[in-house]
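K.L.:
Going down the list, the protein sequences come from chains A and B.
The numbering of the first sequence is my numbering, which starts it at 1 and goes up by one.
The numbering of the second sequence is my numbering, which starts it at 1 and goes up by one.
Heads up, some of the hints might be wrong.
[What the hints assert, rightly or not] Restricting the straight-line Cα-Cα distance to at most 20 Å, the calculated cross-link-like pairs of lysine-lysine (PhoX-like) are:
#1 K213/B x K326/A
#2 K180/A x K168/A
#3 K217/B x K227/A
#4 K123/B x K245/B
#5 K188/A x K200/A
#6 K188/A x K207/A
#7 K222/B x K29/A
#8 K123/B x K76/B
#9 K147/B x K71/A
#10 K188/A x K12/A
#11 K326/A x K204/A
#12 K265/A x K69/A
#13 K278/A x K154/B
#14 K217/B x K326/A
#15 K222/B x K326/A
#16 K76/B x K265/A
#17 K265/A x K154/B
#18 K224/A x K326/A
#19 K71/A x K265/A
#20 K265/A x K147/B
#21 K177/B x K233/B
#22 K8/A x K219/A
#23 K214/A x K338/A
#24 K119/A x K200/A
#25 K119/A x K69/A
#26 K122/A x K20/A
#27 K224/A x K338/A
#28 K69/A x K147/B
#29 K177/B x K326/A
#30 K8/A x K20/A
#31 K30/A x K177/B
#32 K29/A x K8/A
#33 K233/B x K222/B
#34 K227/A x K213/B
[To be verified] So the derived list for chain B, only partly shown, Cβ under 8 Å to chain A, looks like this:
#35 E26
#36 H33
#37 P161
#38 C163
#39 L168
#40 V185
Treat the hints as calculated values from the structure; they're not laboratory data.
All C-beta atoms, glycine included, are put in the ideal place defined by N, C-alpha and C.
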Amino acid sequence: MQGFLLTKENIKGLVSELMKSYRVVAPVKKETRFDFCEIEKFEDIRMDYDTTILPPKKHLSPPVETLLKFKRSENKAEPVFDNTPVALFGLHPCDIKAIRHLDQAFSENNNYDRHYLAKREKSLIIGLECQPYDYCFCSSVGSTFAKDGFDIMLTPAGDSYFAEAGSKKGEEILKSIQAKPAQESDAKKAEQFRAEKEKKIVRKFNKVNASTVKELMEKTWDHKHWKELEERCLACGSCNLVCPTCFCFDVQDDVSLNLNDGERKRLWDGCMLVDFAKVAGGENFREHRSQRIRHRINRKMNYLYDRFNSPTCVGCGRCVRACTVKIDPVEIVNELSK
Amino acid sequence: MKPRVAFFDFASCEGCQLAVINLENELLDLVSHIDIVNFREAMTEASDDYDIAFIEGSVTREADIPRLKKIRENAKLVVPIGACACTGGVNFRKNFYELGEIRNYVYGESAKYFDTFATRPVKAVIPVDFEIPGCPINPKEFLSVVKSLLIGRKPEIPNHPVCVECKLAGNVCMYDKGEVCLGAVTRAGCGAWCPSNGSGCEGCRGLVDEPNKNSEKEVLTKAGLTVEDAVQKFRIFAGYFEEVKK
Numbered sequence: 001m002q003g004f005l006l007t008k009e010n011i012k013g014l015v016s017e018l019m020k021s022y023r024v025v026a027p028v029k030k031e032t033r034f035d036f037c038e039i040e041k042f043e044d045i046r047m048d049y050d051t052t053i054l055p056p057k058k059h060l061s062p063p064v065e066t067l068l069k070f071k072r073s074e075n076k077a078e079p080v081f082d083n084t085p086v087a088l089f090g091l092h093p094c095d096i097k098a099i100r101h102l103d104q105a106f107s108e109n110n111n112y113d114r115h116y117l118a119k120r121e122k123s124l125i126i127g128l129e130c131q132p133y134d135y136c137f138c139s140s141v142g143s144t145f146a147k148d149g150f151d152i153m154l155t156p157a158g159d160s161y162f163a164e165a166g167s168k169k170g171e172e173i174l175k176s177i178q179a180k181p182a183q184e185s186d187a188k189k190a191e192q193f194r195a196e197k198e199k200k201i202v203r204k205f206n207k208v209n210a211s212t213v214k215e216l217m218e219k220t221w222d223h224k225h226w227k228e229l230e231e232r233c234l235a236c237g238s239c240n241l242v243c244p245t246c247f248c249f250d251v252q253d254d255v256s257l258n259l260n261d262g263e264r265k266r267l268w269d270g271c272m273l274v275d276f277a278k279v280a281g282g283e284n285f286r287e288h289r290s291q292r293i294r295h296r297i298n299r300k301m302n303y304l305y306d307r308f309n310s311p312t313c314v315g316c317g318r319c320v321r322a323c324t325v326k327i328d329p330v331e332i333v334n335e336l337s338k
Numbered sequence: 001m002k003p004r005v006a007f008f009d010f011a012s013c014e015g016c017q018l019a020v021i022n023l024e025n026e027l028l029d030l031v032s033h034i035d036i037v038n039f040r041e042a043m044t045e046a047s048d049d050y051d052i053a054f055i056e057g058s059v060t061r062e063a064d065i066p067r068l069k070k071i072r073e074n075a076k077l078v079v080p081i082g083a084c085a086c087t088g089g090v091n092f093r094k095n096f097y098e099l100g101e102i103r104n105y106v107y108g109e110s111a112k113y114f115d116t117f118a119t120r121p122v123k124a125v126i127p128v129d130f131e132i133p134g135c136p137i138n139p140k141e142f143l144s145v146v147k148s149l150l151i152g153r154k155p156e157i158p159n160h161p162v163c164v165e166c167k168l169a170g171n172v173c174m175y176d177k178g179e180v181c182l183g184a185v186t187r188a189g190c191g192a193w194c195p196s197n198g199s200g201c202e203g204c205r206g207l208v209d210e211p212n213k214n215s216e217k218e219v220l221t222k223a224g225l226t227v228e229d230a231v232q233k234f235r236i237f238a239g240y241f242e243e244v245k246k
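Required output: the full structure, derived from the provided sequences and hints.
P.N.:
Set out below in structure tokens:
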């Protein structure tokens, strides 16, 4: 597909074009951090953000989401769908890959999650190529670059951005803002930006890679390191809740004060929390923190590998960033492979 | 017939009852489902015929015990509300001092007129059915417990830490701002009230089940607290918990 060259002014034009028909969500400054929020004006967008508190997932599968409304007196329920068109702007390749995982998880084997898909089908993804920051490790899990999963991908090329369309919709939008076709030299600058990114990645698995980490996990079930992690982990669930590929949720019913009208909601849940694997009768299948960490890391590196043909960790580093005791998948994998 | 509900208070600031009275938009709906028959802070009439007793405050005097036992006899359900009633609250701090000494410190020359013993939560004296922790209680959680009782469902008090609600709220972590926060080991249910308003969690809802004491100690000392400071911080609200006692 043909590339375009977008000046900063063109990017502004692109955002205003999007704002006409989409709720535009982009990285903005939030106190000491960045977060994906709905923007009111282009100037709020921080193209230089490192990572965000929560992944863009929160706009496709919100932390708390109403699934249906019911009336107890009538024994009736009506599903609730929110299909407000949303444009997710400025997603790094790791987050783009993460959304591909969510797309698969919420639609495979004819199990369609209509609540997620209603939003996803009306959404647009505009990617933004990045540079590594202190916590990420994308090259170890195969998510350094996004080849697909976006409608438009922007890569810095000098003072401008090299833009590629990844879908028909993306191509139409690029054409509609009358962006200039890119020259070969622009494509080269973008290529150079990506090459520099790859060079700057220092946080890596040192003995395994995205394809072999699965085998490592299978051999290290009884490794003593899990017990060591038991001592450190607070089991606060922060790692789960900031993860772009964690999609487990809890379902709760809430009834209003008239005791008749109610809502069924889902809330993000996390496998590090003590009640996650507790069942009726009080039995807990993962009672110890060490068992829960082992589960989480296996869930990301091993269990779903065959289904997703990749680790389901995308190396965004949010879990390490959020952890007050800095439990780090890179350190864990390297310790296990010693 | 509407369930008859009573509110009682022991050693407390009565702020949790005030939180109930403050539910101005919901009170009319609420009293269409329940009869409030005893609520000293809000009304003059007082009946001993009730089904549900909400109790605020900690037990700090010998004379509290027969009064509590009477409430237990009268009520079908006993629900302590607030940190004082659930875990002794700030009143529990006195248990870390010699009783005579602290009594003189607080009451001075009049100390002899004030009967007092080691602070204890309601559940240390009588069996309780549910607890709504917090200083003060979260009014939304109070409503949710009342609604659950009215429709015959077990009220849900979260068993995860404040970090969960703080993440769901999309807050910047207090530690990212160089602040100390007890949210990682404190029971949620407040909606991460303090961190969402720019202040670290003080642990008013008490500890979660199985808190990782050593790791939390490390986090706090790394954030600049001495071990003694860290212990004192937990003793503001969570002195009742074994992990904090020693």
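K.L.:
It remains to establish, for every hint, whether it holds in the given structure.
P.N.:
How the hints compare with the structure:
| no. | hint | result |
| --- | --- | --- |
| 1 | K213/B x K326/A | 16 Å, holds |
| 2 | K180/A x K168/A | 18 Å, holds |
| 3 | K217/B x K227/A | 19 Å, holds |
| 4 | K123/B x K245/B | 18 Å, holds |
| 5 | K188/A x K200/A | 18 Å, holds |
| 6 | K188/A x K207/A | 32 Å, violated |
| 7 | K222/B x K29/A | 27 Å, violated |
| 8 | K123/B x K76/B | 15 Å, holds |
| 9 | K147/B x K71/A | 15 Å, holds |
| 10 | K188/A x K12/A | 23 Å, violated |
| 11 | K326/A x K204/A | 16 Å, holds |
| 12 | K265/A x K69/A | 9 Å, holds |
| 13 | K278/A x K154/B | 17 Å, holds |
| 14 | K217/B x K326/A | 15 Å, holds |
| 15 | K222/B x K326/A | 12 Å, holds |
| 16 | K76/B x K265/A | 31 Å, violated |
| 17 | K265/A x K154/B | 17 Å, holds |
| 18 | K224/A x K326/A | 19 Å, holds |
| 19 | K71/A x K265/A | 15 Å, holds |
| 20 | K265/A x K147/B | 16 Å, holds |
| 21 | K177/B x K233/B | 19 Å, holds |
| 22 | K8/A x K219/A | 50 Å, violated |
| 23 | K214/A x K338/A | 15 Å, holds |
| 24 | K119/A x K200/A | 35 Å, violated |
| 25 | K119/A x K69/A | 18 Å, holds |
| 26 | K122/A x K20/A | 14 Å, holds |
| 27 | K224/A x K338/A | 12 Å, holds |
| 28 | K69/A x K147/B | 17 Å, holds |
| 29 | K177/B x K326/A | 16 Å, holds |
| 30 | K8/A x K20/A | 19 Å, holds |
| 31 | K30/A x K177/B | 11 Å, holds |
| 32 | K29/A x K8/A | 19 Å, holds |
| 33 | K233/B x K222/B | 15 Å, holds |
| 34 | K227/A x K213/B | 16 Å, holds |
| 35 | E26 | 6 Å, holds |
| 36 | H33 | 7 Å, holds |
| 37 | P161 | 5 Å, holds |
| 38 | C163 | 4 Å, holds |
| 39 | L168 | 4 Å, holds |
| 40 | V185 | 7 Å, holds |
Checked against the numbered hints given earlier, this structure breaks hints 6, 7, 10, 16, 22 and 24; the rest are met.
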